[in-house]
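Peer 1: Taking the hints into account, I'd like the entire structure generated from these sequences.
Note that the protein sequences, when read in sequence, are chains A and B. Every letter in the first sequence is one number past the one before it in this note's numbering, and letter 363, counting from 1, is 363. Every letter in the second sequence is one number past the one before it in this note's numbering, and letter 291, counting from 1, is 291.
Hints listed in this document are in silico derivations from the structure and should not be mistaken for laboratory results. Among the hints, erroneous ones may be present.
To be verified - Facing chain B, according to a computed beta carbon distance under 7 angstroms, are these residues of chain A, among others: (1) Ile55; (2) Asn67; (3) Arg70; (4) Asn105; (5) Ile288; (6) Leu338; (7) Ile421; (8) Lys423.
No residue lacks a Cβ here, since even glycine has one placed at the ideal position from N, Cα and C.
Protein chains: 2
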Amino acid sequence: MKAYAERNREELLSLKAALEEQFQAEEAKGLSLNMARGKPGASQLAISMPMLDVINGKSDMNTLLGNDTRNYGDWDGIGECRYLMADMMEVKKDNVIICGNSSLNIMYDTVMRSMLMGVNGSTPWCKLDKVKFLCPVPGYDRHFKITELFGIEMINIPLGEDGPDMDLVEQYVNGDEAVKGIWCVPKYSNPTGITYSDEVVRRFANLKPKAEDFRIYWDNAYCIHHLYEDHQEKILNILEECEKAGNPNMVYVFASTSKVSFPGSGISAIATSLENMEYIKKFMTTQIIGHDKINQLRHVRFFKNIDGLTAHMKKHADLMRPKFEAVLDILEAELSGLGIGSWTRPKGGYFISFDAMPGCAKAIVAKCKELGVVLTDAGATYPYGNDPEDSNIRIAPSFPTPEEMLEATKIFVLCVKLASIEKLLG
Amino acid sequence: MKAYAERNREELLSLKAALEEQFQAEEAKGLSLNMARGKPGASQLAISMPMLDVINGKSDMNTLLGNDTRNYGDWDGIGECRYLMADMMEVKKDNVIICGNSSLNIMYDTVMRSMLMGVNGSTPWCKLDKVKFLCPVPGYDRHFKITELFGIEMINIPLGEDGPDMDLVEQYVNGDEAVKGIWCVPKYSNPTGITYSDEVVRRFANLKPKAEDFRIYWDNAYCIHHLYEDHQEKILNILEECEKAGNPNMVYVFASTSKVSFPGSGISAIATSLENMEYIKKFMTTQIIGHDKINQLRHVRFFKNIDGLTAHMKKHADLMRPKFEAVLDILEAELSGLGIGSWTRPKGGYFISFDAMPGCAKAIVAKCKELGVVLTDAGATYPYGNDPEDSNIRIAPSFPTPEEMLEATKIFVLCVKLASIEKLLG
Numbered sequence: 001m002k003a004y005a006e007r008n009r010e011e012l013l014s015l016k017a018a019l020e021e022q023f024q025a026e027e028a029k030g031l032s033l034n035m036a037r038g039k040p041g042a043s044q045l046a047i048s049m050p051m052l053d054v055i056n057g058k059s060d061m062n063t064l065l066g067n068d069t070r071n072y073g074d075w076d077g078i079g080e081c082r083y084l085m086a087d088m089m090e091v092k093k094d095n096v097i098i099c100g101n102s103s104l105n106i107m108y109d110t111v112m113r114s115m116l117m118g119v120n121g122s123t124p125w126c127k128l129d130k131v132k133f134l135c136p137v138p139g140y141d142r143h144f145k146i147t148e149l150f151g152i153e154m155i156n157i158p159l160g161e162d163g164p165d166m167d168l169v170e171q172y173v174n175g176d177e178a179v180k181g182i183w184c185v186p187k188y189s190n191p192t193g194i195t196y197s198d199e200v201v202r203r204f205a206n207l208k209p210k211a212e213d214f215r216i217y218w219d220n221a222y223c224i225h226h227l228y229e230d231h232q233e234k235i236l237n238i239l240e241e242c243e244k245a246g247n248p249n250m251v252y253v254f255a256s257t258s259k260v261s262f263p264g265s266g267i268s269a270i271a272t273s274l275e276n277m278e279y280i281k282k283f284m285t286t287q288i289i290g291h292d293k294i295n296q297l298r299h300v301r302f303f304k305n306i307d308g309l310t311a312h313m314k315k316h317a318d319l320m321r322p323k324f325e326a327v328l329d330i331l332e333a334e335l336s337g338l339g340i341g342s343w344t345r346p347k348g349g350y351f352i353s354f355d356a357m358p359g360c361a362k363a364i365v366a367k368c369k370e371l372g373v374v375l376t377d378a379g380a381t382y383p384y385g386n387d388p389e390d391s392n393i394r395i396a397p398s399f400p401t402p403e404e405m406l407e408a409t410k411i412f413v414l415c416v417k418l419a420s421i422e423k424l425l426g
Numbered sequence: 001m002k003a004y005a006e007r008n009r010e011e012l013l014s015l016k017a018a019l020e021e022q023f024q025a026e027e028a029k030g031l032s033l034n035m036a037r038g039k040p041g042a043s044q045l046a047i048s049m050p051m052l053d054v055i056n057g058k059s060d061m062n063t064l065l066g067n068d069t070r071n072y073g074d075w076d077g078i079g080e081c082r083y084l085m086a087d088m089m090e091v092k093k094d095n096v097i098i099c100g101n102s103s104l105n106i107m108y109d110t111v112m113r114s115m116l117m118g119v120n121g122s123t124p125w126c127k128l129d130k131v132k133f134l135c136p137v138p139g140y141d142r143h144f145k146i147t148e149l150f151g152i153e154m155i156n157i158p159l160g161e162d163g164p165d166m167d168l169v170e171q172y173v174n175g176d177e178a179v180k181g182i183w184c185v186p187k188y189s190n191p192t193g194i195t196y197s198d199e200v201v202r203r204f205a206n207l208k209p210k211a212e213d214f215r216i217y218w219d220n221a222y223c224i225h226h227l228y229e230d231h232q233e234k235i236l237n238i239l240e241e242c243e244k245a246g247n248p249n250m251v252y253v254f255a256s257t258s259k260v261s262f263p264g265s266g267i268s269a270i271a272t273s274l275e276n277m278e279y280i281k282k283f284m285t286t287q288i289i290g291h292d293k294i295n296q297l298r299h300v301r302f303f304k305n306i307d308g309l310t311a312h313m314k315k316h317a318d319l320m321r322p323k324f325e326a327v328l329d330i331l332e333a334e335l336s337g338l339g340i341g342s343w344t345r346p347k348g349g350y351f352i353s354f355d356a357m358p359g360c361a362k363a364i365v366a367k368c369k370e371l372g373v374v375l376t377d378a379g380a381t382y383p384y385g386n387d388p389e390d391s392n393i394r395i396a397p398s399f400p401t402p403e404e405m406l407e408a409t410k411i412f413v414l415c416v417k418l419a420s421i422e423k424l425l426g
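Peer 2: The following block contains the structure:
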């Protein structure tokens with residue numbers, strides 16, 4: 001295939017005419033497909049339906065310790081659920097607090113609490129002139145929305161194949177007292193799908209923060225969300241590494257079962273040092289009497305243990321893999337060699353990250369929308385929705401069926417080509 | 001019965017000796033009873049068990065509008081659940097946002113958001129020198145804990161038979177810009193069980209707050225929690241009254257099904273003006289993708305409508321009433337005429353409020369504890385845990401069985417007598 005940039009004006013014009021004809025044909029179809037969010041598809045929801053049978057009106061509702069899950073108590077979660085989530089997060093049960101249905105909510109609460117009340121006794125961030133967060137990019141838009149909402153200044157940190165640019169991270173964290181946090185999705189990162197290398201994790205653990213209240217916000221959202229049984233990526237245990245490095249309190253680890261059981265009806269957890277937990281407890285026990293323990297029991301009775309979780313995730317993988325591969329196959333077949341885009345080939349998680357020619361992402365997303373294919377807004381993977389290159393697009397293959405995914409990707413490819421030509425023609 | 005205060009020293013000393021003998025006999029029994037918290041009893045939990053059958057692995061999981069409750073979406077709750085909670089709260093569906101399992105959590109979030117980010121665009125409270133809340137007393141300890149945690153100054157307002165002292169409320173709210181809120185449990189108040197009169201509600205609605213960001217925190221926790229079918233107390237609709245009075249944004253109404261279905265596994269809601277909702281939305285949609293909609297569906301499918309809720313609450317009442325009456329009967333039989341205590345006779349809610357002779361509450365609670373009967377800490381019904389009279393004790397009859405309740409109340413009465421005599425003897 002000849003790269004677009006090497007074609008002359010006449011070739012591009014003639015190609016453009018052909019693509020516009022295809023565009024009109026697709027427009028006439030009046031499709032409605034959504035690749036915007038990391039929503040599990042209907043077939044994935046179906047595999048968790050048996051979970052709704054394990055607790056019924058005749059069930060024994062007591063925990064192993066004999067506590068009634070139907071009543072107040074166990075503010076930090078029932079014991080067996082703390083064990084289950086600890087195993088999923090690869091931490092110790094005593095470091096885990098089970099929360100509600102949303103790990104995003106725990107992150108929001110954690111940032112808001114730090115803003116208003118400080119971190120383990122530090123000055124509340126709202127009393128400071130400036131508070132900054134590092135944001136590996138491209139990253140997760142909902143992380144960035146939290147820090148944006150509270151007026152925290154966000155600094156882009158390029159995300160490479162094995163993690164964030166650690167030279168830059170060290171420079172900021174070790175040098176600037178206003179830097180209070182960094183958003184991380186360390187495994188099967190949203191949206192690029194990369195996993196932090198051992199060296200990156202160790203450099204994180206060995207940071208020497210200028211600010212005593214600096215924390216790593218380690219959103220291990222995809223900890224067990226592999227696509228391939230023969231290629232399961234691993235990360236070093238950040239809690240242990242931080243402890244070894246003499247920074248035991250430097251990290252909060254978050255996870256949930258939103259993409260294991262049901263989005264919105266799963267359980268979430270935070271794992272952190274005992275000292276951090278002690279501080280959090282003071283707030284959490286004022287905020288709420290306790291989270292939904294019947295749902296905790298339901299999860300434990302269904303999954304039983306880490307092996308149950310692993311077996312269940314294999315079913316998810318079997319449903320997700322064909323969709324990922326459909327997208328990747330079409331991108332490969334249609335775009336390789338054209339020099340108008342590059343993309344990631346994740347081994348887990350929920351997204352494929354596509355980099356268009358600079359200045360083309362917004363146009364591509366807009367064109368897709370005209371044809372009835374909704375993508376995440378261009379720019380959403382950057383703080384303030386501002387991708388300085390206007391290049392990155394997040395593709396979420398999970399929600400459509402494989403057939404719809406095929407169709408949607410063909411439209412995406414068409415729009416990439418057309419937007420790129422328009423850009424080249426100027 | 002001759003009042004203790006009218007007995008002479010010899011009579012008191014001889015009575016004291018007899019009571020001390022009883023005390024030792026009770027001590028030998030080694031009881032363990034808990035009347036500390038408003039926890040539903042086992043028999044109450046049992047009546048909600050069929051709710052766990054209405055959703056199972058074969059259920060249609062779609063809402064009436066066809067939205068899949070198992071996936072992300074409907075951040076403000078599924079439509080039919082908003083209708084159900086609106087009926088329970090006697091407001092319109094469009095004014096309701098369904099939240100997680102805890103109305104306390106919504107209150108905490110609301111106060112914290114106001115502290116950090118202000119109210120509908122007002123100056124964040126954390127930027128002000130002083131923020132004050134009015135606290136009708138005796139009141140709910142968990143309300144006071146929230147305002148205490150954030151360093152909000154709390155001002156005691158005496159709570160009478162028909163509501164808070166409104167002269168005082170008006171004086172503070174209309175005269176002091178630092179007064180930003182008031183905690184209210186308007187129906188079957190915690191702990192005195194009183195219900196606000198229509199005049200009180202109208203005076204609330206017609207406040208002329210000095211602070212534009214003053215809000216009434218209307219915790220309608222016991223809105224359908226009657227004990228007697230032939231005596232169901234009603235309150236005026238505060239949202240409507242505020243609107244009529246030209247104060248449409250002045251109130252947040254909170255409720256939950258914690259004491260309808262399951263404590264910790266119910267659903268909660270906030271009802272307020274559309275303008276307030278618009279402001280809340282910006283934060284809530286950053287905080288969470290959505291709450292547990294499967295549990296919302298479970299509640300709607302089980303209760304169906306307000307009639308279903310009412311019928312269910314009648315079952316609770318049938319279980320609660322004997323416990324309340326057992327307590328009241330013993331108090332009446334053992335203490336009336338002695339001049340060492342007075343108590344309320346609630347027609348709903350979860351508590352009986354007992355006022356001991358000034359300076360005796362802590363001693364009574366401590367004595368009960370020695371005999372294995374745990375009561376709410378003396379002072380808990382006042383801000384900062386400080387009852388200036390050391391008089392009020394909250395009795396929570398719901399958790400023990402009727403038999404246990406009988407035993408616990410006998411012990412309570414014994415301790416009241418003993419502590420009072422010790423006080424009188426000086």
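Peer 1: Hint by hint, note whether the structure agrees.
Peer 2: Structure-based check of all given hints:
1. Ile55: The hint holds - A:Ile55 has a Cβ within 7 angstroms of chain B, the shortest such distance being about 6 angstroms.
2. Asn67: Violated - the Cβ of A:Asn67 stays beyond 7 angstroms from chain B, reaching only about 11 angstroms at its closest.
3. Arg70: holds, 5 angstroms
4. Asn105: This hint holds: A:Asn105 lies near chain B, its Cβ roughly 5 angstroms from the closest one there, short of 7 angstroms.
5. Ile288: holds, 5 angstroms
6. Leu338: Hint on A:Leu338: violated, closest Cβ of chain B at ~35 angstroms, above 7 angstroms.
7. Ile421: At about 36 angstroms, which exceeds the 7 angstroms cut-off, the nearest Cβ of chain B leaves the hint on A:Ile421 violated.
8. Lys423: violated, 33 angstroms
Hints 2, 6, 7, 8, counting from the list given before, are not met by this structure.
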